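Chemist: Put together the whole structure using the sequences plus the hints.
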Amino acid sequence: MEDYPTLTKVSEGIYQLVVRYPFGMYEMNSFLFQGENGFIIVDTGSEAKESIDIWEKTLASGITVDKLVLTHAHPDHIGLARWFQEHHHVPVYISSLGYKELLRKRKNVDTNWMREFLKTHGGPEIPKNMENPEAAAYEFEPDGLFEKEQSIMLGDETYKSIWTPGHSSDHFCFYNKNQQVMITGDHVLAGLSPIIAIWSENDENPIKDNFDSLERLKAFSTKIALPGHGKLIFNLNDRIDEMISGHKHRLQQILISIENDEKTSWQICQELYRSLSPTKFFAPFLATITRLIYLEKSGEVYSERKDDKLYYRAMIK
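With our numbering applied, the sequence shown corresponds to residues 1 to 317, in that order.
Note that these hints are calculated values from the structure, not bench results.
Values in this document were obtained by computation on a predicted structure and should not be read as measured data.
Each residue gets a CB set at the ideal place from its N, CA and C atoms; glycine is no exception.
Do not rely on the hints blindly, as some may be mistaken.
As the list claims (entries may be wrong) - Pair by pair, the computed Cβ-Cβ distance ranges are:
no.: 1; residue 1: Glu36; residue 2: Lys100; range: 28 to 36 Å
no.: 2; residue 1: Glu12; residue 2: Tyr302; range: 48 to 56 Å
no.: 3; residue 1: Asn235; residue 2: Glu304; range: 40 to 48 Å
Modeler: Here it is as structure tokens:
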């Protein structure tokens, strides 16, 4: 048996590499699928030096990389795509939806919109160091694109591409029927729920999209799920039910908060997440806004604009 000191064997022909970086989630799971022409890698980790050092050590063990496949266009998953292309001549594949996201991020079209969006919801200014801090991650041209419901070879096995919007509008999972393996990226994680947020003016109702996508995965018989962060998942449907239940709990908390009083999204966020720091408010704030949009579209709350801010209140039953 070949020895890959930085890799952990997950299943026949499937290996896990934990790629670390000094911010955000601090680490991400890359999965490597062994085939006749070498390994196919799913997701890279960040462009941080710490991540590059881990990959250099891994590649120095003698493995050959055939290609790179990306689940979605977030910096911690695509950060080393250009590095693999330029330094190791590895072709990179992303969905056509993911490519559109790359182009949007390069133009930085969402920054001004996001600033005004958060202001409308009563929030603080975005610190300059939080505005697109990993812009270089988007500066690559993919060698190929894949679409929804497409067959993709990962190693020597065929996987089906499953569009799973929610965490991001371009997110894809991949399923192999033979081994009953589901690659979940950031769609399903063990122990924590990925942020479901409005990232651009094109996002309409990510919570609904997420619920629909989670239910879609339950139709696939899965023995092992490979998430983008944290531990492997061996009871995928149970974990999906837990995540849905967690979202519904937060939605109920919001309804209780505005049952008798109108509040901005920021006021509700501060009430639900009591220890917000100046640099850690962004994710919970976006999540709160996204949940309020879901509740309004579901007819459970209504909003009213006052002094250029949106105030929410639960509908009277």
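Chemist: Verify the CB-CB distance for Asn235 and Glu304 against the hinted window 40 to 48 Å.
Modeler: 43 Å Cβ-Cβ, so the 40 to 48 Å window holds.
Chemist: In this structure, is the beta-carbon distance linking Glu12 and Tyr302 contained in 48 to 56 Å?
Modeler: Once the Cβ atoms are compared, 54 Å apart, the range 48 to 56 Å for Tyr302 and Glu12 holds.
Chemist: Could you check the hint for me, namely that Glu36 and Lys100 are 28 to 36 Å apart, CB to CB?
Modeler: 32 Å, holds
Violation of the numbered hints given earlier is absent; every hint is satisfied by the structure.
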